[in-house]
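Here the protein sequences come in this chain order: A and B.
Counted from 1, the first sequence has number 301 at position 308 by my numbering; the numbering is strictly sequential.
Start counting at 1 in the second sequence, then tack on 1, and there's your number in my numbering.
Please keep in mind that the hints were generated in silico from the structure rather than gathered at the bench.
Any given hint could be a false lead.
What the hints assert, rightly or not - Pairs of lysine-lysine, DSBU-like flavour, derived with a Cα cap of 30 Å:
1. B:Lys255 x B:Lys175
2. A:Lys191 x B:Lys255
3. B:Lys235 x B:Lys24
4. A:Lys252 x B:Lys24
5. A:Lys194 x B:Lys255
6. B:Lys255 x A:Lys252
7. A:Lys133 x A:Lys121
8. B:Lys201 x B:Lys123
9. B:Lys235 x A:Lys191
10. B:Lys250 x A:Lys191
11. B:Lys255 x A:Lys134
12. B:Lys62 x B:Lys32
13. B:Lys131 x B:Lys112
14. A:Lys70 x A:Lys2
15. B:Lys255 x A:Lys133
16. A:Lys252 x B:Lys205
17. A:Lys118 x A:Lys134
Claimed, not checked - Chain A residues, not near chain B, derived (Cβ > 10 Å throughout):
18. Gly57
19. Tyr107
20. Gln108
21. Ile279
22. Gly281
To be verified - Sample of chain A residues lacking proximity to chain B, with all beta carbon distances greater than 12 Å (derived):
23. Asp22
24. Glu68
25. Gln93
26. Glu123
27. Lys133
28. Arg139
29. Tyr246
30. Tyr285
None of the values given here were measured: they were computed from a predicted structure.
Cβ coordinates follow ideal geometry from the N, Cα and C atoms, glycine included.
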Amino acid sequence: MINMNDLLKVDHLKTGFESDYGTIVSVDDVSFRMKSGETLAIVGESGSGKSVTALSMMRLLGTGSRIMGGQVLFEGKDLLKLNDQEMCDIRGNQMSMIFQEPMTSLNPVLTIGYQMCESIMIHLKQSKKEAWASAVEMLKKVGLPRPEAIMKEYPFALSGGMRQRVMIAMAMSCRPKVLIADEPTTALDVTVQAQIMKLMKELCEESGTAILLITHDLGVVAEMADRVLVMYAGQVVEEADVFTLFEDPKHPYTQGLLKSIPRLDSDDDAELESIPGAVPARYESIQGCRFYNRCPYATEKCHAEMPLLTVTGKDHFTRCWEAQRIEGGVEEVAYE
Amino acid sequence: MSNENHIRDNNGLQPLLTLENLKKYYPSDVKAVDGVSFQIYPGETLGLVGESGSGKSTIGKMIVGLEKPTDGRILFDGRDISGLSSKEMMNLRSELQIVFQDPYSSLNPRKRIADLLAEPLKVHRIVPAKDISGEVDRLLELVRLPRSSKNRYPHEFSGGQRQRIGIARALSLKPKLIICDEPVSALDVSIQAQILNLLKDLQKELNLTYLFIAHGLGAVKYVSDRIAVMHQGKIVEIGNKAEIFHDPKHPYTKALLDASPIADPRLRNKKKLTNVPG
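Work the whole structure out from these sequences, hints included.
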């Protein structure tokens, strides 16, 4: 049954890559839902599967990788079942995406104006003249000076921050219902990052666009997100609203992450706690918990049996045997 | 741990490194570094923060002789090293080392760890040939890597482990000053704390002096005693850590602090955003 409040629902998504060693599952049974106007952040380290989740949703995976199971329901339609043309009608129109590298995601040999107008003309069926006017309007909205002049420029003439503003303008030009932003500010300086984050928030509040924000930076999460999904080794290990996650993290990995970031808001010179070890390189074959080798609370059970994502509080889900024992929770999260 | 006792204690304490009106201009009028002066005292960590293009890495490169200054002086242990020939610089390298940002590209992929660590020992004749193997073991232990790492190649290590190898190489020559140029920026969040703690522990154990260059204020705050803030080739503010964070004087420092995300959602609406032109 579809909850009418859900704009988007990802259900048991599983994506794998073919390699010399067989199929490597990089997104393993990921589920979440998003409402209009909500910002959901996915946090995780490199290789945790957060970007592959986004690419799977947009059906932009490269060759060699494939979606092995699950559903991506957008307004009740399973995007994974659409044909290419139907998907093209949604992509860039109702769902759009911003990538980390503003340098490489713009075409260097086409003007900003050409690239801006292209998607407006295709999706909103506007004439070239109308599209040009909407594009200029959009560039103005993202705070770029001299938008008419920028329309005629090539990407190389713009700074990183300006290019990322162009990318946002482009992504927002068709008023998407969902905006997927994959590390949108990682390549930018902090002062520019702050402006870009503020801009994304304002635009989305104005149009009711839901943001899926993918990042490794817990500071950015704290500033932007309503809900947070923590991924580790291809799985969701914890999900909660942003306040709960920072105040009362239940998964040892989330706890470790939060303790290991140097704080700007305290003068405590105490040594940072660090999570020992590193993410296992091959994790599909691990039977138990994938955080087992780095976890301070690991037990025999954790080694032998993979914990399920279970309810550990109000709208708070954790994949951990120890958290379940403490909370007394046994109820598996059912995304129905 | 507090290093307050040896900060700016100029009476009697000679600076280990002094920059005097250091400049680096590139053709076409780019002033990457435009008249920078500061001192670093033995045993302290000076954090150098700034955004991309502010000139902070260029300063690091000039100190270790990888870039020639256009003007100004670099005094190391009281001696001007800015005009040294590459041969003279070579002799100084053992006292002055640099750890780079990217542990993936700064290690030769075709050499085993044992050889990577032995190389500087041989070149600078730090220990007699028969002791090299033992010294490599000691270095690995120093950076908390298992001895079994010796026969492996760089690609077999994770980013954090590779950065440990980079640090071991820098330590092998028993330097007095280490320039850390964004040493944790390329690492995963859960690994960064490991490396920051290692750098702090090593400083205590070996009485090292650091110039810690970074754009992330969190890491700089954690390791530094004093902090210099760079903007467009100039130091706009320098002071001890508490002053910079609690009572920033320069508008750019304030803007930088305001813009840095704080990992606490309860504080999100308390900040005002200052626009930084340029």
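Here is how each hint holds up against the structure:
1. Restraint check: the Cα-Cα separation between lysine 255 of chain B and lysine 175 of chain B comes to about 38 Å, which exceeds 30 Å; the hinted pair is violated.
2. For a cut-off of 30 Å, the pair hint linking lysine 191 of chain A to lysine 255 of chain B stands: about 18 Å separates their Cα positions.
3. Of the supplied pair hints, the one linking lysine 235 of chain B and lysine 24 of chain B holds, its CA atoms being roughly 9 Å apart against a limit of 30 Å.
4. A threshold of 30 Å between alpha carbons decides the hint, and for lysine 252 of chain A with lysine 24 of chain B the separation of about 40 Å lies outside it, so the pair is violated.
5. Between lysine 194 of chain A and lysine 255 of chain B, the direct Cα distance comes to roughly 23 Å. Compliance with the 30 Å bound is thereby established for this hinted pair.
6. For a cut-off of 30 Å, the pair hint linking lysine 255 of chain B to lysine 252 of chain A stands: about 26 Å separates their Cα positions.
7. Restraint check for lysine 133 of chain A and lysine 121 of chain A: satisfied, since their Cα atoms lie roughly 18 Å apart, inside the 30 Å limit.
8. For the hint linking lysine 201 of chain B to lysine 123 of chain B, the alpha-carbon distance of about 27 Å falls within 30 Å, and the restraint holds.
9. Proposed proximity of lysine 235 of chain B and lysine 191 of chain A is supported: the alpha carbons are some 28 Å apart, at most 30 Å.
10. Restraint check: the Cα-Cα separation between lysine 250 of chain B and lysine 191 of chain A comes to about 25 Å, which is no more than 30 Å; the hinted pair holds.
11. For the hint linking lysine 255 of chain B to lysine 134 of chain A, the alpha-carbon distance of about 26 Å falls within 30 Å, and the restraint holds.
12. Of the supplied pair hints, the one linking lysine 62 of chain B and lysine 32 of chain B holds, its CA atoms being roughly 15 Å apart against a limit of 30 Å.
13. With a CA separation close to 20 Å, the supplied pair lysine 131 of chain B and lysine 112 of chain B stays within the 30 Å bound.
14. Our distance criterion of 30 Å between C-alpha atoms is met by lysine 70 of chain A and lysine 2 of chain A, whose separation comes to about 10 Å.
15. A threshold of 30 Å between alpha carbons decides the hint, and for lysine 255 of chain B with lysine 133 of chain A the separation of about 27 Å falls inside it, so the pair holds.
16. Of the pairs offered as hints, the one joining lysine 252 of chain A and lysine 205 of chain B holds, with about 22 Å between alpha carbons and a cut-off of 30 Å not exceeded.
17. Annotation: proposed proximity of lysine 118 of chain A to lysine 134 of chain A holds, straight-line Cα distance about 21 Å (limit 30 Å).
18. Every beta carbon of chain B lies more than 10 Å from that of glycine 57 of chain A, the smallest distance being close to 21 Å; the non-interface claim holds.
19. The claim that tyrosine 107 of chain A is not at the interface with chain B holds, since no C-beta of that chain comes within 10 Å of its own (minimum 28 Å).
20. Glutamine 108 of chain A, annotated as away from the interface, keeps every beta carbon of chain B farther than 10 Å; the closest lies near 25 Å.
21. Interface exclusion of isoleucine 279 of chain A from chain B stands, the closest Cβ pair being 17 Å apart, more than 10 Å.
22. Annotated as non-interface, glycine 281 of chain A keeps its C-beta farther than 10 Å from every C-beta of chain B; the closest such distance is 19 Å.
23. The Cβ of aspartate 22 of chain A sits about 22 Å from the closest Cβ of chain B, beyond the 12 Å cut-off, so the non-interface label holds.
24. Its beta-carbon lying about 29 Å from the closest one in chain B, glutamate 68 of chain A satisfies the requirement of being farther than 12 Å from that chain.
25. Remark: the non-interface label on glutamine 93 of chain A is consistent with the geometry, its nearest Cβ contact in chain B lying 14 Å away (cut-off 12 Å).
26. Distance check on glutamate 123 of chain A: its Cβ is at least 32 Å (rounded) from any Cβ of chain B, clearing the 12 Å threshold; non-interface status holds.
27. Every CB of chain B lies more than 12 Å from the CB of lysine 133 of chain A, the least distance being 17 Å, so the non-interface label holds.
28. The non-interface label for arginine 139 of chain A is consistent with chain B: the shortest C-beta to C-beta separation is roughly 15 Å, beyond 12 Å.
29. Residue-level check failed: tyrosine 246 of chain A sits 8 Å from the nearest beta carbon of chain B, not beyond 12 Å.
30. For tyrosine 285 of chain A, the requirement that its beta carbon stay farther than 12 Å from each beta carbon of chain B is met, with the minimum near 15 Å.
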